[in-house]
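Participant: Please model the complete structure; the sequences and the hints are all you need to start from.
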Amino acid sequence: MTRLQRQAFFTSLCLLSLWAPAGGEEIGPVRHSQATAPVVAQAESSRETGTPSQQPVAAPPGGTSLEDLLLQKGSITMDEWIQIRAEQEYSGAESARRIDAIEDWKTRTELLPMLRDKVNFGLNALQFLYSHQDAHVPEGKSQDNFSIRRSELLFWGRISDTLPRWHALMEFQSINFGRETPAGGSGAATGQPIAATFFRESYIDFRPFQSWAPYMNFIRMGIFRMPFGIFTETSGGLRDIISSPYLTSVGSGNGNRTGSAGTIDFLQERDFFVDVRGKLFNRLEYVAGIMNNNNFHANATGANAPKSFYTRVRLFGTDVSWISFTTIQGESNNANTNINGRGKGAFDRYGLDFRYTSKIIPGFMVQGEWWQGHDGANQTTVGRPANGACLDQTICGGSGAPGAMRRTWYVLAKYLISDGPFQNWEPTVMYEQFDPSTSVSNDLYTRTILGLTYYFENFPPKVQSKIQFNYEFRHHQGNGPGVAYDATFDAFAQNAFLVQFQIRFM
Amino acid sequence: MSRLPGAMFIVLSLAVAACAPVQPFPADVMNGVEKEFDFTAWRNIPNARLGQKVQLGGRIVQVNGANGNLTIIATQLPIVQQPAYGPKDTGRRSGEFAIMYPGSLDSKWVKAGNRLIVIGTTKEAKTVVVDDVQRSLPSLSAQCLHIWNTGGKEITDFPYNAGGGYEPLEEETHCAPQ
Chain A
6 MTRLQRQAFF
16 TSLCLLSLWA
26 PAGGEEIGPV
36 RHSQATAPVV
46 AQAESSRETG
56 TPSQQPVAAP
66 PGGTSLEDLL
76 LQKGSITMDE
86 WIQIRAEQEY
96 SGAESARRID
106 AIEDWKTRTE
116 LLPMLRDKVN
126 FGLNALQFLY
136 SHQDAHVPEG
146 KSQDNFSIRR
156 SELLFWGRIS
166 DTLPRWHALM
176 EFQSINFGRE
186 TPAGGSGAAT
196 GQPIAATFFR
206 ESYIDFRPFQ
216 SWAPYMNFIR
226 MGIFRMPFGI
236 FTETSGGLRD
246 IISSPYLTSV
256 GSGNGNRTGS
266 AGTIDFLQER
276 DFFVDVRGKL
286 FNRLEYVAGI
296 MNNNNFHANA
306 TGANAPKSFY
316 TRVRLFGTDV
326 SWISFTTIQG
336 ESNNANTNIN
346 GRGKGAFDRY
356 GLDFRYTSKI
366 IPGFMVQGEW
376 WQGHDGANQT
386 TVGRPANGAC
396 LDQTICGGSG
406 APGAMRRTWY
416 VLAKYLISDG
426 PFQNWEPTVM
436 YEQFDPSTSV
446 SNDLYTRTIL
456 GLTYYFENFP
466 PKVQSKIQFN
476 YEFRHHQGNG
486 PGVAYDATFD
496 AFAQNAFLVQ
506 FQIRFM
Chain B
10 MSRLPGAMFI
20 VLSLAVAACA
30 PVQPFPADVM
40 NGVEKEFDFT
50 AWRNIPNARL
60 GQKVQLGGRI
70 VQVNGANGNL
80 TIIATQLPIV
90 QQPAYGPKDT
100 GRRSGEFAIM
110 YPGSLDSKWV
120 KAGNRLIVIG
130 TTKEAKTVVV
140 DDVQRSLPSL
150 SAQCLHIWNT
160 GGKEITDFPY
170 NAGGGYEPLE
180 EETHCAPQ
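So the sequence lines, in the order shown, correspond to chains A and B. Start counting the first sequence at 6; every next residue gets the next number (our numbering). Start counting the second sequence at 10; every next residue gets the next number (our numbering).
Among the hints, erroneous ones may be present.
With a straight-line cut-off of 25 angstroms between C-alpha atoms, the simulated DSS-like cross-links for lysine-lysine are [claimed, not checked]: (1) A:471 - B:117; (2) A:123 - A:78; (3) A:419 - B:117.
To be clear, the hints were calculated from the coordinates, so they are not data collected in a lab.
Facilitator: Below, the structure is given as structure tokens:
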């Protein structure tokens, strides 16, 4: 190409570029306004661009919007048509912007641990209790008492399928220093309060093999309600009566040489443990593990104690009715213990429990537990000095009693009225016995509880707000034959009336 | 020695039985059920697959109607075998469907959040009001329902993780009156 040819080519391009704007103006809206069809074509063209601001301006079925029709009929001018469309596009853009903002907010909030089930919290139980106790009380005390029975907040979450649960339960009245039984003779100093345990429960669940679940469902390690029977494993916010059963704790004062007196914590509700849990045949649940056997306070006062093995199998007749067998086998010690009534030596428990939840009479439930077990020699009360299996109380402290075989059982029945004027009321009745030493007579504890519960909200296990009225007929035979006993001040020998208001929400 | 094979047979039989998959519905109800039903395709074109007998899992969102003629709105969830048999929330929204159950159920079974598996026949899309919004949802005529009274929790949360203690999970199969 010669220089002259190049100049001619560029000159042509310049001329073309000068002509082009005129052509551009001709394909604008003004040109389209000359005919009907291009108006519709523009509407369709605007949809094809696909910008969010234009999407809401979609034509109605048939492809023509109201303003198009008005324009075609000459009811509105082109300027008015453009104004309507501009307003529509503006409002469409505003809607799209709002939707984008909501989507952005949703994306952000979905990342919050609270919304991904990684962190949750709830009120396990907040209970206000009034109680009247017929037993005489020391000077300065009253037979009528107001108290906060429980103030428990629960925190939990699910990290992954492998770590399906973490769990921590705080009891906000756990401000008292706990104490333990010091090792030493009768002259040793009593155990001093040394530490407080703020939490009641803290554990981690670990499911190593997803494909093994539910046959080997998960391994649980930490502090939790022990899988012993029914009552010990039922949350305080879901219990049918106000008082704890005698199988968890009974009696007062120090033990004696027959093993039939003093405070006895036959089954501790919580402990340090690691166990494995699963379900077979879709009907048989099992738990097997090892525990510290020194109650949950031991985390602060010194956790280690002689260990115990435990296992429970629970056979289901229906989804909510079962029978279970439990055993605990191991050692216990009276020195450095945090549990009342424990001695030095072999320790065992055998338990049988059942629950029948009727499907024939909806709302009716009956359950019961039977337990028997042996405590080693020289049982102690927490805080009182003790030293091994020594039975000479003047030298070694403790109760100086030989080993004791203890036995307890109860039966509880309730019926939730689901319609009529008494809807949401639930009468309850329970009878229980505790024999501190089966080889000693005249030491039996018995109690009959008549209860009435009204549920404000009843969606267990998460929600249960209720008021409970319990009257307890209590009887205590004594501390064994030939042992002086005064029932006047014994709270386990005098009737009691209790009213408890509870909120539970999670 | 002659007892050894017998003992081994019993142990193996028990092991196999212990790990057998759960089947909450009677065998005759399960006859002809399409277990691998494509829910997404059905949701997109509800009326294209009429009359198919299917099994679907879900979580109850809302229940309309009175006893004797219930319409249960459920969010579809995949049915898994592990860690526990039943519908499992995977965190992804897959869409709602309507279950028409010609029978009565106790209120505790049809509360929002409960998990269910339904065996039923696909019907034409049904217009329902969900959260005050009128929607057209794919629908099933239920033959049988298996419901877990989870109250919004996962099936695996029971019996040990539901609250601060042990809580057995109520579950029951309900079939429409013939």
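Participant: Keeping to a limit of 25 angstroms between CA atoms, is the pair of residue 471 of chain A and residue 117 of chain B held or broken?
Facilitator: Distance ~18 angstroms between residue 471 of chain A and residue 117 of chain B Cα, so the pair holds.
Participant: Residue 419 of chain A and residue 117 of chain B were given as a pair; does the straight-line alpha-carbon distance stay at or below 25 angstroms?
Facilitator: Satisfied, since the Cα-Cα distance of roughly 18 angstroms is no more than 25 angstroms.
Participant: Are the Cα atoms of residue 123 of chain A and residue 78 of chain A separated by 25 angstroms or less?
Facilitator: Violated: residue 123 of chain A and residue 78 of chain A sit about 62 angstroms apart, past 25 angstroms.
Consistency with the previously given hints fails for number 2 only.
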